[in-house]
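K.L.:
Chain residues, written in single-letter form:
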Amino acid sequence: MSWLLSPGASTYARDIDAIYYLILVITGLAFVIVEVGLIWFLFAYRSRPGRKARYTHGNNTAEVIWTAIPAVVVVMIGIMSGSVWTHIKGHDSVPADAIPIGMEARQFEWHVTYPGADGELGTDDDFTVRNQLHIPVGRPVVLHLVADDVIHSFFVPAFRVKQDAVPGMSIPVWFEATTPGQYEIACAELCGLGHYRMRGMVTVHEPEAYEQWVREASTTVAAAR
Amino acid sequence: MTTPRAGTAAPHVGDLHPHDAVHDHEPSFLRKYIFATDHKIIGIQFLIMSLAFLLVGGALAMMIRWQLGYPGQAMPGGTVLPETMAPGGVIAPEFYNSLVTMHGTFMVFFAIMPLLVGVFGNYLIPLKIGAPDMAFPRLNMASFWIAVPAGIIMIFGFFAEGGHAGAGWTAYAPLSASPEHSGVSLGQQLWCVSLIVLGLSSILGATNYITTIINMRAPGMTWFRLPLSIWALFVTAVLVLLAIPILSGAVIMLLFDQTIGTHFFLRAGEPLLWQHLFWYFGHPEVYILILPAFGMVSDIIANGSRKPIFGYNSMVFAILAIAFLGWIVWGHHMFQSGMNPTLGTSFMISTMLIAVPSAIKVFNWLGTLWQGNIRFTVPMLHACAFVSMFVIGGLSGVFMASTPVDIFIHDTYFIVAHLHYVLFGGSLFAIFAGITYWYPKMFGRMMSRRWGLIHFWLTFVAYNLVFFPMHNLGLGGHMRRIYDPNQYEFLQPLQGLNEMISISAFVLFTAQLIFAANFILSWFKGEKAPMNPWEDNSLEWTVPSPPPHGNFAATPVVYRGPYEYSSPEVEQDFLPQTLRLPTDRPPAAASAGD
Amino acid sequence: MMRAVLVIGIAFVALSCGGQSDSAGGTPGAAQEATPGATGGGSITGTVMFAGTAAANPVIDMADEPQCRQKYGEAPRDPIVLVENRRLANVFVYITSGLPDGARYPTPSTPVVVDQDGCLYEPRVVGVMAGQPVEIRNSDPLLHNVKAVPTENRGFNRSQATAGQSFTQTFTRPEVMVPLECNVHGWMKGYIGVVAHPFHAVTGSDGSFRLEGLPAGTYTVEAWHERFGTRTATVTVPADGSATTEISFTPAA
Numbered sequence: 001m002s003w004l005l006s007p008g009a010s011t012y013a014r015d016i017d018a019i020y021y022l023i024l025v026i027t028g029l030a031f032v033i034v035e036v037g038l039i040w041f042l043f044a045y046r047s048r049p050g051r052k053a054r055y056t057h058g059n060n061t062a063e064v065i066w067t068a069i070p071a072v073v074v075v076m077i078g079i080m081s082g083s084v085w086t087h088i089k090g091h092d093s094v095p096a097d098a099i100p101i102g103m104e105a106r107q108f109e110w111h112v113t114y115p116g117a118d119g120e121l122g123t124d125d126d127f128t129v130r131n132q133l134h135i136p137v138g139r140p141v142v143l144h145l146v147a148d149d150v151i152h153s154f155f156v157p158a159f160r161v162k163q164d165a166v167p168g169m170s171i172p173v174w175f176e177a178t179t180p181g182q183y184e185i186a187c188a189e190l191c192g193l194g195h196y197r198m199r200g201m202v203t204v205h206e207p208e209a210y211e212q213w214v215r216e217a218s219t220t221v222a223a224a225r
Numbered sequence: 001m002t003t004p005r006a007g008t009a010a011p012h013v014g015d016l017h018p019h020d021a022v023h024d025h026e027p028s029f030l031r032k033y034i035f036a037t038d039h040k041i042i043g044i045q046f047l048i049m050s051l052a053f054l055l056v057g058g059a060l061a062m063m064i065r066w067q068l069g070y071p072g073q074a075m076p077g078g079t080v081l082p083e084t085m086a087p088g089g090v091i092a093p094e095f096y097n098s099l100v101t102m103h104g105t106f107m108v109f110f111a112i113m114p115l116l117v118g119v120f121g122n123y124l125i126p127l128k129i130g131a132p133d134m135a136f137p138r139l140n141m142a143s144f145w146i147a148v149p150a151g152i153i154m155i156f157g158f159f160a161e162g163g164h165a166g167a168g169w170t171a172y173a174p175l176s177a178s179p180e181h182s183g184v185s186l187g188q189q190l191w192c193v194s195l196i197v198l199g200l201s202s203i204l205g206a207t208n209y210i211t212t213i214i215n216m217r218a219p220g221m222t223w224f225r226l227p228l229s230i231w232a233l234f235v236t237a238v239l240v241l242l243a244i245p246i247l248s249g250a251v252i253m254l255l256f257d258q259t260i261g262t263h264f265f266l267r268a269g270e271p272l273l274w275q276h277l278f279w280y281f282g283h284p285e286v287y288i289l290i291l292p293a294f295g296m297v298s299d300i301i302a303n304g305s306r307k308p309i310f311g312y313n314s315m316v317f318a319i320l321a322i323a324f325l326g327w328i329v330w331g332h333h334m335f336q337s338g339m340n341p342t343l344g345t346s347f348m349i350s351t352m353l354i355a356v357p358s359a360i361k362v363f364n365w366l367g368t369l370w371q372g373n374i375r376f377t378v379p380m381l382h383a384c385a386f387v388s389m390f391v392i393g394g395l396s397g398v399f400m401a402s403t404p405v406d407i408f409i410h411d412t413y414f415i416v417a418h419l420h421y422v423l424f425g426g427s428l429f430a431i432f433a434g435i436t437y438w439y440p441k442m443f444g445r446m447m448s449r450r451w452g453l454i455h456f457w458l459t460f461v462a463y464n465l466v467f468f469p470m471h472n473l474g475l476g477g478h479m480r481r482i483y484d485p486n487q488y489e490f491l492q493p494l495q496g497l498n499e500m501i502s503i504s505a506f507v508l509f510t511a512q513l514i515f516a517a518n519f520i521l522s523w524f525k526g527e528k529a530p531m532n533p534w535e536d537n538s539l540e541w542t543v544p545s546p547p548p549h550g551n552f553a554a555t556p557v558v559y560r561g562p563y564e565y566s567s568p569e570v571e572q573d574f575l576p577q578t579l580r581l582p583t584d585r586p587p588a589a590a591s592a593g594d
Numbered sequence: 001m002m003r004a005v006l007v008i009g010i011a012f013v014a015l016s017c018g019g020q021s022d023s024a025g026g027t028p029g030a031a032q033e034a035t036p037g038a039t040g041g042g043s044i045t046g047t048v049m050f051a052g053t054a055a056a057n058p059v060i061d062m063a064d065e066p067q068c069r070q071k072y073g074e075a076p077r078d079p080i081v082l083v084e085n086r087r088l089a090n091v092f093v094y095i096t097s098g099l100p101d102g103a104r105y106p107t108p109s110t111p112v113v114v115d116q117d118g119c120l121y122e123p124r125v126v127g128v129m130a131g132q133p134v135e136i137r138n139s140d141p142l143l144h145n146v147k148a149v150p151t152e153n154r155g156f157n158r159s160q161a162t163a164g165q166s167f168t169q170t171f172t173r174p175e176v177m178v179p180l181e182c183n184v185h186g187w188m189k190g191y192i193g194v195v196a197h198p199f200h201a202v203t204g205s206d207g208s209f210r211l212e213g214l215p216a217g218t219y220t221v222e223a224w225h226e227r228f229g230t231r232t233a234t235v236t237v238p239a240d241g242s243a244t245t246e247i248s249f250t251p252a253a
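Residue numbers (this note's numbering), protein chains in the order written: chain F, 1 to 225; chain S, 1 to 594; chain U, 1 to 253.
Possibly wrong hints are sitting among the right ones.
[As the list claims (entries may be wrong)] Under the rule of at most 20 Å between Cα atoms (straight-line distance), these lysine to any residue pairs were calculated in the SDA-like manner:
(1) U:189 with F:149
(2) S:32 with S:145
(3) U:189 with F:148
(4) U:189 with S:223
(5) F:52 with S:533
(6) S:32 with S:443
(7) F:52 with S:375
(8) F:52 with S:574
(9) F:52 with S:568
(10) U:189 with F:130
(11) F:52 with S:573
(12) S:525 with S:44
(13) U:189 with F:129
(14) F:52 with S:570
(15) F:52 with S:32
(16) F:52 with S:572
Derived by calculation from the structure, the hints in this document are not laboratory data.
My request is simple: use the sequences and hints to build the entire structure.
P.N.:
Structure, rendered in structure tokens:
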């Protein structure tokens, strides 16, 4: 029962978390004010014999106040959210030096295609691994997310990244990991009877370890063919 | 109808008793209670139908909760289910998907929506505006008797080969449109057919409500003397009339994709088109499911506080603003769908703005309670619970309206918590308030207060134990519609919370059986209800309980709004709309439509 | 009014069912009686040969499923082409023509078993008679889903979440082959040959097969392999006698 988010492991996780905590504080305050007011009124103005309620149809000043304050607050939240959103998902948000990786979602697997030694997708040295995403720490990667059959959703809770994969679309998803380790990939969009088991794993390596992994994986995959 | 129809007269051939004279005055049983055209009977028919579906939807939720609380364990009594659903009593993944889908479908389309619109729209509109019946009584009858086969078709889906629809109540294509990917063909088709049929029923009902409210108000019942429940039902009916055809069109296209080989939503077509069409209907639908609740709660809170509603005009404009904004926010369901991210920002702003009219309503309810003389009747308790729970549902909505935060919580249990705070904490508490409030009028009997209190407190506590921790599940990353969360390491620490929620859910369901028992027993054994048990001002409380066919002995004349409680002009703390004080003048003309 | 509504409703249901049932209204299998004279004492035995060398089968990456992976020593390979001493296994062999006109055969009620074991279908290729039950088992302690994607029959897509589960399905119309796949494990492929008579077999690891109970006559025998397609042979069976044949596949199919 925690209102705190688990530790983030990507560069923009802290931006998202900051807005989350801001909204948590604002809505928490509003929650307390309204609920305490409600309980207080219910207690203070409970029916007592011989008493009559105050006869009033309202108060325009009060209406203006409680229209204006929420409006200002939500527009402020909206503006702050907008800039973070554009930074993460906007049209030109993908960093230029991001490593391209192909990510194909299908019932009920993730097929990860690596660019191989030349660093480009769509060439002969590409190789594909099932359910295993390996990336280096401290360097942005961009997944070209596609779906083979139905809609899936690529979700790495630790990176605060979620993006639907839609048949017929290739959607770029970028992130930059900040902490080496292993993190789970989940499918967040109901995609059929094996949806709950559509699990993958991201391994964040130190840069040298990543290079080494690419070399080893490309040779084993080639040997298996 | 003065002469019995051939069909009903036939059994009387050879019958020596002169029954025909009676039939001239009294409609036959079939006419009166089955194929009834009286709006009150139709309202009660909808009530019984939708409460039955509420129970069905709840039972499905219990199976969902069993699987989440005790994943992979045999469900008690689960072996009665066929092997295709629960082999050895263990819920199968595809059946779990059907459970999730049908829980949502039954609750939204066959329980909450007919309860709010079908029941209270039918029962309250003519009575509260001083009309003898609906404008089109036969359309009204058709509206109910079209809804029934829709429900039957929907239930049949469970017995279809391949199982029932399992693509979620939102039926996202291409999963819903391609049997080879879902494994479901007939079930999903029956789902489509049922919703198309049900849509017809809703459209007929909405047409009727709109016409009746515009044309059949009693003399003196001006627009700004309408009870807020009627305002809300009027605006809801407009939303229904505009939104349901969009759903019907989209569902017909979905059915064609499955049966005759079109590719509207398949890969060769446009998968996102389904989401746009569905949510263009779906977000107004959200307000269809809450606006009538707003209205009824306003009536009940004013009555329970013995005070005029605070800021009547603001309340009306807030309803209109919500109804309008409801049409331009559908994209907030699709922030992570692959929709253009710039659109995401615009939908975020319009969504945030909905918080404003919602806040106006909450503060006005608080203003109504302020310095009141509050009577804690069972309906009043439910109405206050509605306000406090709707606040939580409204505030949690700010989180997912914020596009970056939504990246994390989209499609998690945070959304499930939010929507249940609005639909259960909001709509359903308002429905309980409404049923307990108008039960005496509907059935001429009072419901038991003691059992009403027990039901209320059990429901209120268990409800919060079920749904509040779901926020925390969502913040832990717990995805929706997951058959077995333990497949993920990061979700395994949440299993204890899931189990606690499940146990609370079982308590919550059991508490609803108390309500069902109270409802049924009071019908036969309840204390006889007086004409105006709550000392309310509205017109339905000036006629007997239950009101006779035709409602009013003479057309009522209205002199004031419905919320004149504790008026200094009279000794008692309520002032009925029809009571003529020496200072009142009759309305200029007896034409209701002006 | 009401009747019209009901008729529309029923028409809708009927329409939607209609889209389904046209593929399923095949010949009812189980109720058939054998036609006298359709069987005999003859038989065909044969061997399926493979000329040439096939590329190695691909390695399956089972790292995500340790419970399956541990059933194998070294990395498991997808058993697409199984050749031993130039003999080809997992070839479905059946008679396509030559049987008496209008011959009908009793449908066996014993199910043919397809097991999911070690994240592979075992056996990978089976033959059944139309209407004969196919029992699908899961011996792995994890989720499999079996998806049949036939063109002539009605397909299915069902899950088995734990070990020990099983269900049976029947295919009512002849179809060679009905593919099976598992969407949880994309490498899993299986094939079910559905034919209208009992004269079918799958070659073993020695490439041999045997079709029994045939009346005398001249038959066309077809052999099907998932990678190399089909070959046919014409075989004449004497009364109560045995005929032999050899069918050969080449990699350049």
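K.L.:
Could you work out which of the previously given hints the structure breaks and list their numbers from low to high?
P.N.:
Violated hints (numbers, rising): 4, 15; every other hint is consistent with the structure.
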